[in-house]
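Novice: With these hints in hand, go ahead and build the complete structure from the sequences.
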Amino acid sequence: MADLADTSFSGRALRRRTFLRVASATAASSALVLAGCGNDDDDPTPVPNGSTGTLVLAGNDTGILNLTYLLAQIQASLYQKVVTTPPADFTAADTAAFVDMRDHEVIYREFYKSVLGTSAYDNGLTTALEFNFTTYTLTTRKGAYEAARTLEDLAVGAYNGLGRRLANSSYLRLLLKITSVKARHAAFVRDQAEPNSFAGPDVISSTGNQAGLDTIKTPVEVAKLLAPLVPVVLVADNLMTL
Amino acid sequence: MDFLNLLARLADLDSTTAAPQLAAPRRAALGRLGQAGTALLPGLLLSALSQPATAGTLDTRTRLDVLVLVRQLAALGNELHSRALGLVAGYPALPLTATEKAGIQVIQQQEAQRVTLFSQLITDGGATLPTTPRYDFTGSKNSAQTALYPDIQTNPATYLLVAQVVKDVAVRVYKSQVDFVRADAYLTETLLRSHSAEARHASHLRTLRRQRGVAVKSWVSPDDAPVPATSPAIAKVYEGESGFIQTYNASDASGQGGALVSVPFDSTLPINVATPPLSAEAILRKVAEAFDEPADAIVATNVAALFTY
Numbered sequence: 001m002a003d004l005a006d007t008s009f010s011g012r013a014l015r016r017r018t019f020l021r022v023a024s025a026t027a028a029s030s031a032l033v034l035a036g037c038g039n040d041d042d043d044p045t046p047v048p049n050g051s052t053g054t055l056v057l058a059g060n061d062t063g064i065l066n067l068t069y070l071l072a073q074i075q076a077s078l079y080q081k082v083v084t085t086p087p088a089d090f091t092a093a094d095t096a097a098f099v100d101m102r103d104h105e106v107i108y109r110e111f112y113k114s115v116l117g118t119s120a121y122d123n124g125l126t127t128a129l130e131f132n133f134t135t136y137t138l139t140t141r142k143g144a145y146e147a148a149r150t151l152e153d154l155a156v157g158a159y160n161g162l163g164r165r166l167a168n169s170s171y172l173r174l175l176l177k178i179t180s181v182k183a184r185h186a187a188f189v190r191d192q193a194e195p196n197s198f199a200g201p202d203v204i205s206s207t208g209n210q211a212g213l214d215t216i217k218t219p220v221e222v223a224k225l226l227a228p229l230v231p232v233v234l235v236a237d238n239l240m241t242l
Numbered sequence: 243m244d245f246l247n248l249l250a251r252l253a254d255l256d257s258t259t260a261a262p263q264l265a266a267p268r269r270a271a272l273g274r275l276g277q278a279g280t281a282l283l284p285g286l287l288l289s290a291l292s293q294p295a296t297a298g299t300l301d302t303r304t305r306l307d308v309l310v311l312v313r314q315l316a317a318l319g320n321e322l323h324s325r326a327l328g329l330v331a332g333y334p335a336l337p338l339t340a341t342e343k344a345g346i347q348v349i350q351q352q353e354a355q356r357v358t359l360f361s362q363l364i365t366d367g368g369a370t371l372p373t374t375p376r377y378d379f380t381g382s383k384n385s386a387q388t389a390l391y392p393d394i395q396t397n398p399a400t401y402l403l404v405a406q407v408v409k410d411v412a413v414r415v416y417k418s419q420v421d422f423v424r425a426d427a428y429l430t431e432t433l434l435r436s437h438s439a440e441a442r443h444a445s446h447l448r449t450l451r452r453q454r455g456v457a458v459k460s461w462v463s464p465d466d467a468p469v470p471a472t473s474p475a476i477a478k479v480y481e482g483e484s485g486f487i488q489t490y491n492a493s494d495a496s497g498q499g500g501a502l503v504s505v506p507f508d509s510t511l512p513i514n515v516a517t518p519p520l521s522a523e524a525i526l527r528k529v530a531e532a533f534d535e536p537a538d539a540i541v542a543t544n545v546a547a548l549f550t551y
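Line by line, the protein sequences give chains C and A.
Under this note's numbering, the first residue of the first sequence carries the number 1, and numbering increases by one thereafter.
Under this note's numbering, the first residue of the second sequence carries the number 243, and numbering increases by one thereafter.
No lab work stands behind these hints, which were simulated from the structure alone.
The structure displayed is predicted, hence computed values, not measured ones.
Where hints are given, some of them may not hold.
Result set (DSSO-like, lysine-lysine): computed pairs, CA atoms no more than 27 Å apart in a straight line [unchecked claim]:
| id | chain 1 | residue 1 | chain 2 | residue 2 |
| --- | --- | --- | --- | --- |
| 1 | C | Lys81 | A | Lys478 |
| 2 | C | Lys142 | A | Lys478 |
| 3 | C | Lys177 | A | Lys383 |
| 4 | C | Lys177 | A | Lys459 |
| 5 | C | Lys81 | C | Lys224 |
| 6 | A | Lys343 | C | Lys113 |
A few chain A residues facing chain C, derived, Cβ under 7 Å [to be verified]:
| id | residue |
| --- | --- |
| 7 | Gln355 |
| 8 | Trp461 |
| 9 | Tyr490 |
| 10 | Ala522 |
| 11 | Ala524 |
| 12 | Lys528 |
| 13 | Phe533 |
Using N, Cα and C, we set each Cβ at its ideal position, and we do this for glycine too.
Specialist: As structure tokens, this is what we get:
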């Protein structure tokens with residue numbers, strides 16, 4: 001079998017809690033029981049608390065879908081911004097592509113919202129979260145494609161890391177249907193930002209026993225990368241136990 | 243494998259994960275995929291890692307079947323692109339532009355890398371690699387029948403069309419195969435990462451065709467110029483891609499029983515945000531674009547069969 005040593009399941013770090021679970025069989029089994037309890041989709045999902053501004057994702061499918069929901073909200077918002085105020089050097093083809101990607105992301109956003117129902121993290125919020133895109137340069141064609149590239153690659157890595165954590169196989173099937181379209185978006189925007197970079201070494205491993213495989217990110221890595229964009233503290237720790 | 247990683251893996255062991263009872267000899271052989279080979283210990287741990295076993299699907303295809311299939315697709319792609327690039331004796335390079343060549347080289351190299359990976363997973367599991375097939379990308383079975391793509395070794399447009407079809411079908415088939423390996427977390431992740439890499443390749447090939455004037459988006463769209471159905475196998479590649487019905491099952495945690503819920507894209511969901519709004523038909527075409535549909539393994543093996551003899 002290929003050497004799995006550095007696969008480490010999505011680069012999951014050995015954390016202290018993990019060590020404790022291993023250290024004692026009893027501790028390990030009770031920790032797993034607790035993790036198992038989290039698999040109840042009816043669990044109310046913690047919503048951003050007005051006073052602390054913290055969004056804690058639940059350690060179950062609801063938590064996973066809230067993360068993909070948030071990703072879709074962010075991407076739909078970014079594409080909408082570019083479509084509303086296109087860079088001066090955008091061609092008709094650029095606009096058409098951004099409109100397509102905007103529509104796809106809105107479809108994902110509403111799809112996840114519909115599946116989550118009252119478990120959507122923002123179900124009780126009167127105003128939707130506003131995302132901060134000031135780190136991107138959305139006024140130039142290059143900047144718009146680079147911003148899209150960052151988020152599409154992040155989404156592909158996130159989806160690749162979330163797939164095996166889902167308990168509900170019908171959700172996984174839908175996630176997979178979306179993953180490849182996001183990977184197509186990613187390759188397209190990468191090619192526009194830099195020709196022939198659709199599968200560059202920063203996303204597809206080029207050496208070692210993972211050569212040829214696409215990017216993968218743990219939920220905590222995803223939360224960290226999203227942190228500058230979202231106006232709440234995003235906590236994905238619970239998803240790491242799945 | 244270092245000790246810390248081993249501990250991390252142990253932590254992931256789930257008490258419910260007794261390996262599913264492997265009844266059929268074929269499945270017993272497949273069990274060795276995780277249990278034999280040089281990395282014996284991690285193999286054992288991985289084979290025990292699990293989502294709850296999904297008996298209904300495990301019965302029909304094994305992890306070995308899945309690995310052989312994805313290796314077959316990667317090997318076919320590797321040969322197709324290697325011939326186009328002039329890397330195979332007897333097959334002069336196609337007249338592609340330097341930029342086109344550079345991108346296709348990336349695809350070819352990543353195909354080769356995945357052939358290596360999947361081959362290793364198969365042989366480390368104690369199984370034998372299938373013999374290398376003989377390829378004829380004209381579809382003439384070495385001149386035994388009328389060629390489907392007679393100019394594929396000289397005309398970049400024909401080559402890019404076939405390359406796109408082969409990639410798009412691979413993307414569809416990967417999706418259906420994930421169901422059969424879910425008990426194996428490592429293999430699930432490997433398939434997922436390979437699946438999205440395939441989709442990137444497909445997108446790039448579509449971009450190349452569009453740059454050459456073909457009406458095709460980088461994502462599969464009902465607006466794409468239709469791919470000529472040169473054979474029933476090719477006609478199946480895009481079958482079912484234009485629908486807007488998406489369903490899921492939330493009645494139990496595993497998503498395997500109870501009533502299906504249909505996502506109301508055509509009624510209540512506020513997805514039509516364009517100014518002015520799109521027609522009802524046009525927004526549903528966008529829904530079709532937004533979801534790539536799975537296809538059974540045979541859809542891809544039938545396409546592969548066109549090009550092997």
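Novice: With reference to the structure, classify each hint as holding or not holding.
Specialist: These are the hints, each one checked on the structure:
1. Only pairs whose Cα atoms come within 27 Å are accepted, and C:Lys81 paired with A:Lys478 is rejected, the gap being roughly 38 Å.
2. About 38 Å separates the Cα atoms of C:Lys142 and A:Lys478, which puts this hinted pair outside 27 Å; it is violated.
3. Straight-line distance between C-alpha atoms of C:Lys177 and A:Lys383 comes to about 34 Å, which puts the hinted pair past the 27 Å bound.
4. In summary, the hint linking C:Lys177 to A:Lys459 is supported, as the alpha carbons are separated by about 17 Å, within the 27 Å threshold.
5. For the proposed pair C:Lys81 and C:Lys224, the alpha carbon gap of about 23 Å is at most 27 Å, so the pair holds.
6. With a CA separation close to 43 Å, the supplied pair A:Lys343 and C:Lys113 exceeds the 27 Å bound.
7. The interface hint given for A:Gln355 is met, as the beta carbon of that residue sits about 3 Å from the closest beta carbon of chain C, less than 7 Å.
8. Interface hint at A:Trp461: satisfied, since its Cβ lies 4 Å from the closest Cβ of chain C, which is below the 7 Å cut-off.
9. Annotation: A:Tyr490 was flagged as interfacial toward chain C, and the flag holds, the nearest CB pair being 4 Å apart, inside 7 Å.
10. Residue-level restraint check for A:Ala522 is violated (minimum Cβ-Cβ distance to chain C is 14 Å; threshold 7 Å).
11. Checking A:Ala524 against chain C by beta carbon gives a least distance of about 10 Å; that is not within 7 Å, so the hint is violated.
12. Here the hint on A:Lys528 is kept, as its CB sits about 4 Å from the closest CB of chain C, short of 7 Å.
13. The closest approach between the C-beta of A:Phe533 and any C-beta of chain C is roughly 4 Å, which is under the 7 Å cut-off, so the hint is satisfied.
Hint compliance for this structure: hints 1, 2, 3, 6, 10, 11 are broken, all remaining hints hold.
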